[in-house]
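Protein chains in written order, with our numbering: chain A, 1 to 274; chain B, 1 to 248.
Honestly, the hints are just simulated from the structure, not real lab data.
Where is the CB? At the ideal position from N, CA and C, for every residue including glycine.
Fair warning: there could be bad hints in the mix.
Claimed, not checked - Cut-off 20 Å, straight-line C-alpha distance, at most; resulting in silico cross-link-like pairs (SDA-like, lysine to any residue):
(1) B:LYS70 to A:LYS22
(2) A:LYS267 to B:PRO201
(3) A:LYS22 to B:LEU12
(4) B:LYS101 to A:LYS150
(5) A:LYS186 to B:ILE11
(6) A:LYS22 to B:ILE11
(7) A:LYS150 to A:ASP121
(8) B:LYS70 to A:TYR262
(9) A:LYS267 to B:GLU67
(10) A:LYS111 to A:LEU137
(11) A:LYS97 to B:GLU176
(12) A:LYS11 to A:GLU80
(13) B:LYS242 to A:PRO239
Unchecked claim - Some chain A residues flagged as far from chain B (calculated, every beta-carbon gap over 12 Å):
(14) ASP5
(15) GLY14
(16) LEU24
(17) LYS69
(18) ILE72
(19) LEU109
(20) GLU112
(21) SER141
(22) PRO143
(23) LEU146
(24) VAL156
(25) THR176
(26) ILE212
(27) LEU226
(28) ASN273
Given next are the chains, with one letter for each unit.
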Amino acid sequence: MEKNDKSMITKAIGHVSFVMRKCLFGILSIGPVPAHIAFIMDGNRRYAKRHALHQDSTNPGSGHRVGFKCLISTLQYCYEMGVKYVTVYAFSIDNFKRDPQEVQSLMDLMKEKIDELLTEDSVLKKFDARINFWGDLQLLSEPVRLTAKKAMDMTVHNKGPVLSVCVAYTSTNEITHAIEASVREKQENAPIEVSDLDRNMYTAGCLEPDIIIRTSGETRLSNFLLWQSDFAHLQNPNPLWPEFSLRHLVWAVLEYQNVHGYLKKRKGEIEKNK
Amino acid sequence: MIEASVIASPILGVVFCLLHVIVSLVHTWSHLVHQIQCLIISSGLLSKYQNINLNRLRHLAVVIDSEDAKNKSKVHQLLCWLSDIGVKYVILYDIEGVMKKSDKAYEKSSANPSETKCMDFAPNMPLIFDMFGMTVEIISYTDGKEAVAKGANYLCSNYLKNQDDTLNKLGPKFTEPDISSALKAVGHDGPEPDLLLVYGPARCHLGFPAWRLRYTEIVHMGPLTSMKLSAVVKVLYDFSKKHQNYGK
Chain A
1 MEKNDKSMIT
11 KAIGHVSFVM
21 RKCLFGILSI
31 GPVPAHIAFI
41 MDGNRRYAKR
51 HALHQDSTNP
61 GSGHRVGFKC
71 LISTLQYCYE
81 MGVKYVTVYA
91 FSIDNFKRDP
101 QEVQSLMDLM
111 KEKIDELLTE
121 DSVLKKFDAR
131 INFWGDLQLL
141 SEPVRLTAKK
151 AMDMTVHNKG
161 PVLSVCVAYT
171 STNEITHAIE
181 ASVREKQENA
191 PIEVSDLDRN
201 MYTAGCLEPD
211 IIIRTSGETR
221 LSNFLLWQSD
231 FAHLQNPNPL
241 WPEFSLRHLV
251 WAVLEYQNVH
261 GYLKKRKGEI
271 EKNK
Chain B
1 MIEASVIASP
11 ILGVVFCLLH
21 VIVSLVHTWS
31 HLVHQIQCLI
41 ISSGLLSKYQ
51 NINLNRLRHL
61 AVVIDSEDAK
71 NKSKVHQLLC
81 WLSDIGVKYV
91 ILYDIEGVMK
101 KSDKAYEKSS
111 ANPSETKCMD
121 FAPNMPLIFD
131 MFGMTVEIIS
141 YTDGKEAVAK
151 GANYLCSNYL
161 KNQDDTLNKL
171 GPKFTEPDIS
181 SALKAVGHDG
191 PEPDLLLVYG
201 PARCHLGFPA
211 WRLRYTEIVH
221 MGPLTSMKLS
231 AVVKVLYDFS
241 KKHQNYGK
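Next up, chain A with everything else stripped away, as it sits in the complex:
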């Protein structure tokens, strides 16, 4: 009986939170809502250290597990707000330089969480979202690569918002890959144009990000979406990624709304001159 009471209270709180979020997002949508937000999820390891989470040789990924929970809630808020594209920087090619045990733990966690995202009660299912994996997937271990491919195949026809996960990714690797593809398909006497490179990027078909958020206060992009970020509002809030919450997301959108007119004007001027 007690368990039933508790689950009813939890459900009721969930409903009330949902209604309050709907009101809040309704207010935000009076101004421009970003169509694409990208996240550099920085700070998982520092969070684990700060909170003395169980982080030893048997479980080097504890901070990343907490970070994944934050990703799920952030995705939910973004999709409820009407953000069509969310891109996350999950694993850089540079991250392969980390301790092999940590890399393996991250690969295992990735496979586990991709499988979780494909279950019936996941946020992807709830919003009929599509998932992409962008990067040099050949660098991933076979189980992870196959799981990623399975996830992309299973969601390719979904009509809802899009989650793009950059894994084994760097921008310079993406540009190199796009140049290779452009050279491969080049026709006689036709020079390679910027539009050819755009078409061969992993991100082809996706809108450019309106906001790129790097948590934990760091100010660099670390080789993430450099080609696509010409007119993105770059934000670097201080909270570590597992601390990033609804109020930080709302603040990010308000900040974006402040500069949206300026960025739209600059982007329009360049597109006019093309």
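For this one, chain A is given, so just place chain B on it according to the hints.
Okay, now just chain B, sitting in the frame of chain A:
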């Protein structure tokens, strides 16, 4: 229902405006704190800002909104400050190439014009000259993606020339050093800045060459019209204390 929405809409609108008023108040407060910090730095009370270690700052980039960049005296003032502080290499960027067209103004107003060596203005190429012992490179939007396309064409023509090579029969295969070499061959091989200052209304790099931004620290400085030497000093000091993992 219609009555409810007629009442609700203005209320939502008021709450929306209130939220933005709160954002403005927070910005005003941050600006005030920043002004006080700049005042303290310019007073010379804190010795740590007097001798900044610039060993890690090999190249500094400055992105300036093109409207602000038309203010040549401000840009020149900024270059003078950076030279006095000891910066050795500055990359100036504005999206429309306003500063490329103004380079002669910087040459004429330097203390000893014979110390500056200018190339002729070419809209699709970087402009490099010396000023007060500091190398100044001026680039614009055409030095970004279009330069990468030029590099791609360079690689492509080499690839097609060597089609008979056994390796090439497997299809084109390039590495990142190949791309860097190609960019060098087409005249777009500028260095990667360690730090990038953005002068304008928003923290946005406005199309700065992507290939050169991998690990660059990007800092928003506000409008060029309200630039302060002490603000530049603070940013350089904070940069000197930064630590990067480079993915590790």
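The hints, checked one at a time:
For a cut-off of 20 Å, the pair hint linking LYS70 (chain B) to LYS22 (chain A) is broken: about 45 Å separates their Cα positions. Of the pairs offered as hints, the one joining LYS267 (chain A) and PRO201 (chain B) holds, with about 14 Å between alpha carbons and a cut-off of 20 Å not exceeded. Only pairs whose Cα atoms come within 20 Å are accepted, and LYS22 (chain A) paired with LEU12 (chain B) is accepted, the gap being roughly 12 Å. Note on LYS101 (chain B) and LYS150 (chain A): the hinted pairing is violated, with a Cα-Cα distance of about 53 Å set against a maximum of 20 Å.
As the CA atoms of LYS186 (chain A) and ILE11 (chain B) are separated by approximately 57 Å, the hinted pair breaks the 20 Å bound. For the hint linking LYS22 (chain A) to ILE11 (chain B), the alpha-carbon distance of about 15 Å falls within 20 Å, and the restraint holds. Distance check on the hinted pair: LYS150 (chain A) and ASP121 (chain A) sit about 18 Å apart at the alpha-carbon level, within 20 Å; holds. For the given pair, LYS70 (chain B) sits about 17 Å from TYR262 (chain A) by alpha-carbon distance, which is consistent with the 20 Å threshold.
Under the criterion of a C-alpha separation no larger than 20 Å, the hint pairing LYS267 (chain A) with GLU67 (chain B) is consistent with the structure, at around 14 Å. Note on LYS111 (chain A) and LEU137 (chain A): the hinted pairing holds, with a Cα-Cα distance of about 13 Å set against a maximum of 20 Å. Restraint check: the Cα-Cα separation between LYS97 (chain A) and GLU176 (chain B) comes to about 17 Å, which is no more than 20 Å; the hinted pair holds. Taken as a hint, the LYS11 (chain A) and GLU80 (chain A) pair is honoured in the structure, with Cα atoms around 18 Å apart against an allowance of 20 Å.
For the suggested pair LYS242 (chain B) and PRO239 (chain A), the alpha carbons sit about 18 Å apart, so the restraint of at most 20 Å is met. Taking the minimum C-beta to C-beta distance to chain B, about 33 Å, the non-interface status of ASP5 (chain A) holds against the 12 Å cut. Taking the minimum C-beta to C-beta distance to chain B, about 23 Å, the non-interface status of GLY14 (chain A) holds against the 12 Å cut. A beta-carbon of chain B comes within 12 Å of the beta-carbon of LEU24 (chain A); the shortest separation is about 9 Å.
Every CB of chain B is more than 12 Å from the CB of LYS69 (chain A) (nearest about 23 Å), matching its label as outside the interface. The beta carbon of ILE72 (chain A) sits about 25 Å from the closest Cβ of chain B, which is more than 12 Å, so the claim that it is off the interface holds. With a cut of 12 Å on Cβ distances, LEU109 (chain A) stays outside the contact zone with chain B, its closest approach being about 17 Å. In this structure GLU112 (chain A) is separated from chain B by more than 12 Å, as the shortest Cβ-Cβ distance comes to about 23 Å.
At roughly 18 Å from the closest C-beta of chain B, the C-beta of SER141 (chain A) stays outside 12 Å, upholding its exclusion from the interface. Distance check for PRO143 (chain A) against chain B: the nearest CB is about 23 Å away, which clears 12 Å, and the non-interface claim stands. Interface exclusion of LEU146 (chain A) from chain B stands, the closest Cβ pair being 24 Å apart, more than 12 Å. With a minimum CB-CB distance of about 26 Å to chain B, VAL156 (chain A) clears the 12 Å threshold, and the non-interface call stands.
In this structure THR176 (chain A) is not separated from chain B by more than 12 Å, as the shortest Cβ-Cβ distance comes to only about 6 Å. Under the 12 Å C-beta cut-off, the non-interface status given to ILE212 (chain A) relative to chain B is violated; the minimum distance is some 10 Å. Distance check for LEU226 (chain A) against chain B: the nearest CB is about 4 Å away, which does not clear 12 Å, and the non-interface claim fails. Chain B draws ASN273 (chain A) into its interface by the beta-carbon criterion, the shortest separation being 8 Å against a cut-off of 12 Å.
Taken one by one, the earlier hints fail for this structure at numbers 1, 4, 5, 16, 25, 26, 27 and 28, listed in ascending order.
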